[in-house]
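Protein chains: 2
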Amino acid sequence: MPKEIITPRAKDYSQWYLDIVRNADLADYAEVVRGCIVFKPTGYAIWEAIQRSLDDRIKETGHENAYFPLLIPKSFIMKEAEHVEGFAPELLEVTKIGDTVLADPYVIRPTSETIIGHFYAQWVHSWRDLPLLINQWANVMRSEKRTRPFLRTSEFLWQEGHTVHATEAEAEEETLKILNDVYVDFVEKEMAIPVLKGRKTDKEKFAGALRTYTFEAMMQDGKALQAGTSHNLGQNFAKAFEIKFTDKNNTPQYAWTTSWGVTTRLIGALIMVHSDDEGLVLPPRLAPRQVVVVPIYKNDEERTKVLDAVDRITAGWKGRIRFKVDDRDNVSPGFKYNEWELKGVPIRIEVGPRDVEKGSVALARRDIPGKAGKSFVPQEGLTELIEATLAEIQQGLFDRALKFRNDHTQTVSDYAELKAAVEIGFALCYWDGDADDEQKIQDELKATVRVIPFDQPEKSGKCVLTGRETSQQVIIARSY
Amino acid sequence: MPKEIITPRAKDYSQWYLDIVRNADLADYAEVVRGCIVFKPTGYAIWEAIQRSLDDRIKETGHENAYFPLLIPKSFIMKEAEHVEGFAPELLEVTKIGDTVLADPYVIRPTSETIIGHFYAQWVHSWRDLPLLINQWANVMRSEKRTRPFLRTSEFLWQEGHTVHATEAEAEEETLKILNDVYVDFVEKEMAIPVLKGRKTDKEKFAGALRTYTFEAMMQDGKALQAGTSHNLGQNFAKAFEIKFTDKNNTPQYAWTTSWGVTTRLIGALIMVHSDDEGLVLPPRLAPRQVVVVPIYKNDEERTKVLDAVDRITAGWKGRIRFKVDDRDNVSPGFKYNEWELKGVPIRIEVGPRDVEKGSVALARRDIPGKAGKSFVPQEGLTELIEATLAEIQQGLFDRALKFRNDHTQTVSDYAELKAAVEIGFALCYWDGDADDEQKIQDELKATVRVIPFDQPEKSGKCVLTGRETSQQVIIARSY
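Just so you know, the sequences run in chain order A and B. Counting in our numbering, the first sequence runs from 1 upward without gaps. Counting in our numbering, the second sequence runs from 1001 upward without gaps.
Hints were generated in silico from the structure; no laboratory data involved. Note that the structure is a prediction, hence the values are computed from the model and not measured. Treat each hint with caution, since some may be false.
To be verified - Straight-line alpha carbon distances no greater than 30 Å define the calculated DSS-like cross-link-like pairs of lysine-lysine that follow:
| no. | chain 1 | residue 1 | chain 2 | residue 2 |
| --- | --- | --- | --- | --- |
| 1 | B | Lys1074 | A | Lys244 |
| 2 | B | Lys1440 | A | Lys336 |
| 3 | A | Lys59 | B | Lys1177 |
| 4 | A | Lys74 | B | Lys1205 |
| 5 | B | Lys1074 | A | Lys248 |
| 6 | B | Lys1440 | B | Lys1462 |
| 7 | A | Lys145 | B | Lys1079 |
| 8 | B | Lys1244 | A | Lys203 |
| 9 | A | Lys336 | A | Lys324 |
| 10 | B | Lys1096 | A | Lys324 |
| 11 | A | Lys96 | B | Lys1459 |
| 12 | B | Lys1440 | A | Lys74 |
| 13 | A | Lys74 | A | Lys336 |
| 14 | B | Lys1059 | A | Lys324 |
| 15 | A | Lys318 | B | Lys1244 |
| 16 | B | Lys1223 | B | Lys1244 |
| 17 | B | Lys1462 | A | Lys189 |
| 18 | B | Lys1244 | A | Lys336 |
| 19 | A | Lys324 | B | Lys1177 |
| 20 | A | Lys403 | A | Lys318 |
| 21 | A | Lys59 | B | Lys1189 |
| 22 | B | Lys1446 | B | Lys1459 |
| 23 | A | Lys177 | A | Lys371 |
| 24 | B | Lys1324 | A | Lys248 |
| 25 | B | Lys1336 | A | Lys248 |
Claimed, not checked - Output of the computed footprint for chain B on chain A, the stretches with three or more beta carbons under 8 Å from beta carbons of chain B:
| no. | region |
| --- | --- |
| 26 | 84 to 94 |
| 27 | 402 to 411 |
Even glycine gets a Cβ: it sits at the ideal position worked out from N, Cα and C.
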């Protein structure tokens, strides 16, 4: 396998992304199934790491996992008016079983509010049954014509939380707890991706939600990516599916529900925020393999000596460091360096015969490519050094991404400035527009209001489009 | 929630099973989606425990996880003749996306040999690419009219391994390694279920396989349950999907493939092997919660005193014992005992004010219901005692199930004996019949040849049906 060329980011960011996906062996196109991909082992391992870490947080905040049917009676989707409008064109319909044509077809779940709402209506009777806090890990399908691996695919993997509460305040608290304590905590600490959190405009909110909260990250081309959302559904789905309970005064009430999800598109965000022109770069806390050890030798005698040393060096690593010793004999060390660089392993350790004699190893950092990131260090204390370096890389990736975002975010005060700002990144501006104004910006600038940040200014200012005085600032940007 | 009645096993085993599923809150029927169930949190937590433990073994034997599309072009299923015959009547067909009718419909995967074979043909080129060892955790659908929760549902969850090898011998070795080192090791050690392992007859093998290996467990009604299968697919799928490689002599060859899977029906097996007339019984190694602590108090003063003691007692448990302190104030201790007994928690610890004074607790074992399983033990050394008791329960459940199987397995030498034996359990007998003979037994006795065990006798004997001399013994039984 010769080194394949990765198009530099500066030349063609979009092609660079596809080159990373292909060269790091993360996914394959499934042309035979429209809009779908295969998650290859290297790509799927990233999803497994995301799942494990996120699942811990979901459970720590009191939720349990369950699993609901893949298929939803088509009639269910029709019950919530905004919901059906949002999803109808993307639905895949099951109309036959064997040779039998179904009188009432099913759709493959595009999201599960409706089918889960149906069951919750049967499970919830009294205030004692609340809150009901359930999460599901599942595949969903929304037909897409233009596919980008991980970012936009007809079938994708996700978790979807669905909760039921007795009051609007409790539903709102849940929606925000998920955003802050589960999602943002995970994405910033584990994925090393800084995000802006806040509310979506009515135009951008989930089909059927009262309020949608979001967290948005900046990619290296300055575009925004919605990394996940948490919805306060109000009583919309409770009314559509008759989720009712008797309160402490024995009065029947409609419940308040929430839903929230993140998807395999997080893998796309991870690639686009951290990777470079040499290949994938993975944050150590999420990397399926944190360290690869490459033994170097020319003959059997050296091989034995070096591999013995590698055994000694890595003896205490199990349970502390996720590592792999790449002792393949049919490829050269240079081939191995290249492969693990492409696949984003945070630290490479090289051990040759001279290292064995000198009691040293070479340590190469993936976040600093080339000679600048390579140093010779003693074998003694290596485990601790690696752990410290992994922590340093993790923080370094976050800091670098945050600096990039700050450098590419401009505060703008008129339309001309806005137009220029969205060419290179995020525009922070006062905004008092309505849905039509948002559409105008989308048509003219190919940009949208990404988020109304929780952090709002103390002073008011003039809306960047209408010129009206307003206290509300928003982030406008192009997006994935 | 008053205690609901569980039909005793002796009265109606089938109803007993459904009562356990309902009362332990493991699943709900999804009447609105034909043949499907909801895996409720208590049931799904068992699946998560199975997944974690099995996934470790799958990875330790060198496999990686990946994820392939849910949908398969219908034309793919048609490519392997036996395969299509086996699955066609159960297929769910996707014929529409939005308002567009598809010229080439998809089916929801009933199993993924075909779609994965399609990709493997593109990934495998040389002997250097082999073996290819991939596993997938996924949902699949095979339409069922008569549903039994976990045991028979239209949608179920499973893992399906799919591997490619250069030689028949390597494929055979893989098929057996999965059976022995992954499946049987897991089911016997973690699930505490003794199994009989061996080969399926040609009549009972997987549609498209060369050889199917199986492991069969005995339920408490004497029926067999096929707990999982491992298939040597020979070159059948390689030829249907053109999975070819150039060998070391640069000669193109068809590859040899395997596939293997276990499903959420393992949850059904777990229930049916260990549970009793009081509710679910879970083996400690797989129990999501191994210990529940129930504090007992009558007033605030006692409450503070008891909960302080509970904190002290459980201080060292995290990371050693999976436990829950049930400190709900709105239900009585008796209600809690009943609930956790129904849900199968292996050990219950009760702590009251007098226990605090005496430095003791009450320890109740789920595997020995009532007073016989309850003892008062000192708080000192409790952690170690609990760990030892959990190990004892685990072994005890396995031993009990093995004794039950031995007690209900009869060696039979003629048809009359066979007929009587399958009424109460397994019949071990010489067998030289063909597929028609198997059909005869199935029609007359409602029993099938479950497995040709690896353990075979040294002497030959007379076939229980044909009377012909043969060296082959089989297990014949009724089954789920």
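Now for the hints, and whether the structure bears them out:
Taken as a hint, the Lys1074 (chain B) and Lys244 (chain A) pair is broken in the structure, with Cα atoms around 43 Å apart against an allowance of 30 Å. With a C-alpha separation of about 60 Å, the suggested pair Lys1440 (chain B) and Lys336 (chain A) falls outside the 30 Å cut-off, and the hint is violated. Of the supplied pair hints, the one linking Lys59 (chain A) and Lys1177 (chain B) is violated, its CA atoms being roughly 35 Å apart against a limit of 30 Å. Among the hinted pairs, Lys74 (chain A) with Lys1205 (chain B) is inconsistent with the structure: their alpha-carbon atoms are about 37 Å apart, more than 30 Å.
Distance check on the hinted pair: Lys1074 (chain B) and Lys248 (chain A) sit about 54 Å apart at the alpha-carbon level, beyond 30 Å; violated. Using a Cα cut-off of 30 Å, the hinted pair Lys1440 (chain B) and Lys1462 (chain B) holds, with the two alpha carbons roughly 18 Å apart. At most 30 Å may separate the alpha-carbon atoms for a hinted pair to count; Lys145 (chain A) and Lys1079 (chain B) meet this at roughly 27 Å. Under the criterion of a C-alpha separation no larger than 30 Å, the hint pairing Lys1244 (chain B) with Lys203 (chain A) is inconsistent with the structure, at around 52 Å.
Between Lys336 (chain A) and Lys324 (chain A) the alpha-carbon distance is near 12 Å, which keeps this suggested pair within the 30 Å criterion. At roughly 46 Å between alpha-carbon atoms, Lys1096 (chain B) and Lys324 (chain A) are farther apart than 30 Å, so this suggested pair is violated. Distance restraint check for Lys96 (chain A) and Lys1459 (chain B): the Cα-Cα separation of roughly 53 Å exceeds the 30 Å cut-off, and the hinted pair is therefore not satisfied. Taking the CA atoms of Lys1440 (chain B) and Lys74 (chain A), the gap is about 44 Å. The hint is violated against a cut of 30 Å.
A threshold of 30 Å between alpha carbons decides the hint, and for Lys74 (chain A) with Lys336 (chain A) the separation of about 51 Å lies outside it, so the pair is violated. A C-alpha spacing of about 14 Å is found between Lys1059 (chain B) and Lys324 (chain A), which places the hinted pair at or below 30 Å, so the restraint holds. Between the alpha carbons of Lys318 (chain A) and Lys1244 (chain B) the distance comes to roughly 38 Å, so the proposed pair goes past 30 Å and is violated. Straight-line distance between C-alpha atoms of Lys1223 (chain B) and Lys1244 (chain B) comes to about 42 Å, which puts the hinted pair past the 30 Å bound.
In summary, the hint linking Lys1462 (chain B) to Lys189 (chain A) is not supported, as the alpha carbons are separated by about 69 Å, beyond the 30 Å threshold. Between Lys1244 (chain B) and Lys336 (chain A) the alpha-carbon distance is near 26 Å, which keeps this suggested pair within the 30 Å criterion. Under the criterion of a C-alpha separation no larger than 30 Å, the hint pairing Lys324 (chain A) with Lys1177 (chain B) is consistent with the structure, at around 23 Å. For the hint linking Lys403 (chain A) to Lys318 (chain A), the alpha-carbon distance of about 35 Å lies beyond 30 Å, and the restraint is violated.
Of the supplied pair hints, the one linking Lys59 (chain A) and Lys1189 (chain B) holds, its CA atoms being roughly 27 Å apart against a limit of 30 Å. Taking the CA atoms of Lys1446 (chain B) and Lys1459 (chain B), the gap is about 29 Å. The hint holds against a cut of 30 Å. Distance check on the hinted pair: Lys177 (chain A) and Lys371 (chain A) sit about 44 Å apart at the alpha-carbon level, beyond 30 Å; violated. As the CA atoms of Lys1324 (chain B) and Lys248 (chain A) are separated by approximately 27 Å, the hinted pair is consistent with the 30 Å bound.
With a C-alpha separation of about 22 Å, the suggested pair Lys1336 (chain B) and Lys248 (chain A) falls inside the 30 Å cut-off, and the hint holds. Here's how the region 84 to 94 of chain A fares: 7 of its residues keep a CB closer than 8 Å to some CB of chain B, so the rule of at least three is met and the hint holds. Under the rule that three or more residues need a Cβ within less than 8 Å of chain B, the assignment of the region 402 to 411 of chain A is violated, with 0 such residues.
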